[in-house]
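Enquirer: Here is how the chains run, residue by residue.
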Amino acid sequence: MIKTSSKVLVKGNEAIAQAALNAGCKCYFGYPITPQSEIGEFMSRKMPELGRTFVPAESELASISMVIGAGTTGTKAMTSSSSCGIALMQEALSAMVCAEVPGVIISVMRGGPGLGNIAPAQGDYFQAVKGGGNGDYKVVVLAPATVQEAVNLTYRAFHLSMKYRTPVILLADGILGQMMEPVEFGEYPYEEIDTSAWALSGAKNRKPRFLVSLHMQEGEMEAITNRIFEKHDLIAKNETTYEAYQTEDADLIITAFGTVARVAKAAVKKAREKGMKAGLFRPVTLVPFPDEALHNAAKSAKMVLDIEMNKGQMLVDVRSAVFGAAPVEFYGRPAGGLITLEDIYGQIEKRLG
Amino acid sequence: MGRIVIDKESCKGCSICMEVCPKHLIHPSSETNAHGVNFAEFKDAKNECLGCAICAHSCPDAAITEVYKS
Amino acid sequence: METLVYKKPECLKKDGKFTFCPGCGHGVVLRMIAELIDEFGIQGDTIAISSVGCSIFLEKFYDLDVAGASHGRSPSVATGIKRSLPGKFVFTYQGDGDALTIGLNETIHTASRGEKITTICINNTNFGMTGGQASATTLVGQVTKTTPTGRNPEYVGYPIHAAEMVAKCDGAAFVARVSICSPASIKKAKEILKKAFEMQIKGIGYSFVEVLATCPTNWGMSPVDSMKHIKDDIEKVHPTGIFKDITQTEAR
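In order, the protein sequences belong to chains D, A and S. With this note's numbering applied, the first sequence closes on residue 374, and no number is skipped along the way. With this note's numbering applied, the second sequence closes on residue 77, and no number is skipped along the way. With this note's numbering applied, the third sequence closes on residue 253, and no number is skipped along the way.
Keep in mind that the hints are not guaranteed to be accurate.
To be verified - Below, a list of computed lysine to aspartate or glutamate pairs in the EDC-like style, where the Cα atoms sit at most 16 Å apart:
#	chain 1	residue 1	chain 2	residue 2
1	A	K50	A	E26
2	S	K15	A	E26
3	S	K14	A	D14
4	D	K225	S	D39
5	D	K28	D	E260
6	D	K225	S	E11
7	D	K228	S	E11
8	D	K228	S	D16
9	S	K14	A	E16
10	S	K61	D	E241
11	A	K15	S	D16
12	D	K184	D	E260
13	S	K15	A	E16
14	A	K76	S	E3
Calculated from the structure, these hints are not laboratory results.
Chain D on its own, in the form it takes in the complex (with noise of 0.2 Å):
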C-alpha cells in the first residue's frame, strides 16, 4: 500500500490505482497491455489484502463486461487498458451508456494505429470522445496532465460515474502512466452515492429491476436516447472544466489536452519571458468539452493553435467550439512522436515573433 498521508513518489499507473482504491473501488477486472499493465499487478496485490475483488479477465471483452456487472449492482468498479484493448471495449460501452450503468475505465494511450508501438501518444481521443461503439451515445472523459490530477480526476472518475450513472474514462497517455512524480493522495473527497433506488440487488420487496440495452418497442428507444443527451446535457452545465492559462490577453491561445498541455504550458511561459503573448487553454473535461468557455477565450486571440501528439482529433471539437472566433491551425506528431519544449516554443516563436 502506498502511504497516502502525506506527499509521495510515485508512478502514474500505481498512483491511479491507488487512488481506485482510496475511492472504494470494489472490484477490478483487466487484462494486461502495456503500458498500463502496472495497474492491474498493483490490483492483483492490493484488492486481496482488502478483501475486494480482482479478476484478470480472459480478454477486454470479458473485463468491461464484468465492470457491467458489478455496475448493475451498485459496486464500484473499474478497468484499464490501452488503444487495442479499449477498442475491444467500444461496444459494451455503448451497452453501458444506454442501460445506465456505472464504471471507470483507466485508459492509458500508445501509438497506433494496429498493434502500433508502445510510445506514448494521444491518438484515441477520437476513440475515448466519440467513441467506436454504435449507436448515439456518449461517455465522459477526463484528461489529466500530472499524476497528482490523475489521482484527483480518478477520484472524480469514481464519483461522476457513480452520480450520473455513466461510464467514466479516464485518457491518460503512456507518460503519464510509467511517470513518477511527487503526489498527494488525501482521503476521497465525494460523499457516497445512493444506489439503493436502481441498482439490482434481486426483486425483494419491491419491483423487480432490468439494467438491459435492447427495448423494441416503438419510440422506447427514442425516449431512451433523448434522456441520455439531456443527461449529458446536465454533465455539460455542472462538470464542465478547464484550465486557462494566461489567455485573457494572449494573441495565440495554444490548446492541448493531457500531458503535451503541460510541454504547452512551459512553452507558454518561455514566450512570455521573450515579451510573446501566448497563451494555454486545457480541456480537463474532454466530454463535456469546454466550449463556451474556449469560444470566448478565443475571442480576443489573433489565432488558436491546436498541438496534440497525434494527427488532430481535439481540433475538431477546437475548431467546432472556436466556431470562426479565431483561425485555428494544428501542429501534431502521430504514433509515439514526441513533442519537446522546443518544438512548441518553434511554433510559437513562428507565428508571434
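Based on these hints, arrange chains A and S on the given structure of chain D.
Expert: Chains A and S only, in chain D's frame:
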C-alpha cells in the same frame, strides 16, 4: 380424476399437449383466440383426466396454468 | 376433494406471455427455471443475466431483477454481479449462438475460474433470432440459412460439443446436457436443473446445463416432429447425460 385450466390467449396451438396427453383429452378448439389460433381445448366427458400435469410440463407457453387432481 | 397439483409459477409475470414461435423449447425451459426459483424460494435473491438471441427478453417474462449483456458476455456480467453480491443466486440464460459460438471464450474461462454461477444454455443448433443460420453446434448435414445444402465439415468444419468441453474445465462443479424431447426427458431435465441450482445455492461451485431444445420454425418442422428430431438426430451428436458432478466424484 382431474382437470386442467388453459389460458387460451397464451396458447399458440403448437399441439404438443395434444400429443403428450396420455388420455388424448386435449384438442384444437373450433374457435380462435385473439391471435387467430385454434387454441387447445380440454374435453373430458368421461372424467378420464389423471391430473398427471404432463401437458402443463410440456407446454412451451405456460398456457396450462393449473392442474387439479381429485 | 380436489387438490392443485400444478400451478403456473409465481416467478413468471402474471400477464407475461412468451413471445417465441409456436412449439419453441425456450418456453419449457424458462418455465422450469421459474418453477425452481419458486421451489427454492429465491425469487427475491436472484439476478438473471439475459443474452443476445431469442434468450434476450427475460425481463418481459420474469418477475426477477435482470441485467443485460453484450453478445456472448453474460458469464462475464454474471461474474461481476456474483463477485459484488456473493449471496445472491446469479444465472445466465444463453443460446448456443451466444454461449458456444461468439461467447465460447467467456463460457470456458468462467467455468475454469469456478465462478459460483449457473449457466443454462439452450442448444437448438442454430441462430434462432436472426432466422436460422448455422451456429457452432449445427449438426453435420443440417440445412440452415447459411448451410443451404447441409453442413459440410470439409467446408465449414464440425459442431462443438459444449458440455463435454466445459466438463473438462477444472473449475466446473456440475456439467450436464439434457433434452426436452418428451415428458420423461422434461422431467429429467428439471431434476438436473435442480442439481445445477443446488451447486450454486450450497456454494459448491460453477454449474452448466446445456438443454437440447426445439426450434420448429427454423428447422422447418412441426413442434411435435421437432421433439422427435431431438431424440432421433440431435441426441446422437450431442448425447445427454451428466458429464461432471464433483459431489458424486467426492462421494465415490
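Enquirer: Could you grab the alpha-carbon distance between K228(D) and D16(S) and see if it respects the 16 Å cut-off?
Expert: Roughly 15 Å between the alpha carbons, so the hint for K228(D) and D16(S) holds.
Enquirer: Would the hint linking K14(S) and E16(A) be met if the CA-CA limit is 16 Å?
Expert: Holds. K14(S) to E16(A) sits at ~15 Å (cutoff 16 Å).
Enquirer: Compare the distance between the alpha carbons of K14(S) and D14(A) with 16 Å, and conclude whether the hinted pair is satisfied.
Expert: Cα-Cα ~14 Å, so holds.
Enquirer: Below or equal to 16 Å on CA atoms is what counts here, so check K50(A) against E26(A).
Expert: With a Cα-Cα distance of about 15 Å, the restraint between K50(A) and E26(A) holds, given a limit of 16 Å.
Enquirer: Take a quick look at whether K15(A) and D16(S) sit within 16 Å of each other, Cα to Cα.
Expert: holds (13 Å)
Enquirer: Does the structure keep K228(D) and E11(S) at a Cα separation of 16 Å or less?
Expert: holds (14 Å)
Enquirer: Take a quick look at whether K225(D) and D39(S) sit within 16 Å of each other, Cα to Cα.
Expert: Measuring from Cα to Cα gives roughly 13 Å; hence the hint holds.
Enquirer: Below or equal to 16 Å on CA atoms is what counts here, so check K28(D) against E260(D).
Expert: violated (27 Å)
Enquirer: Quick one, are K76(A) and E3(S) close enough, alpha carbons at most 16 Å?
Expert: Roughly 6 Å separates the two Cα atoms, so the pair holds.
Enquirer: If you draw a straight line from the CA of K225(D) to the CA of E11(S), is it 16 Å or shorter?
Expert: holds (14 Å)
Enquirer: Tell me if the straight-line CA distance from K15(S) to E26(A) falls inside 16 Å.
Expert: Violated, at about 27 Å.
Enquirer: Does the structure keep K61(S) and E241(D) at a Cα separation of 16 Å or less?
Expert: Within the cut-off at roughly 15 Å; holds.
The structure shown violates the earlier hints numbered 2 and 5.
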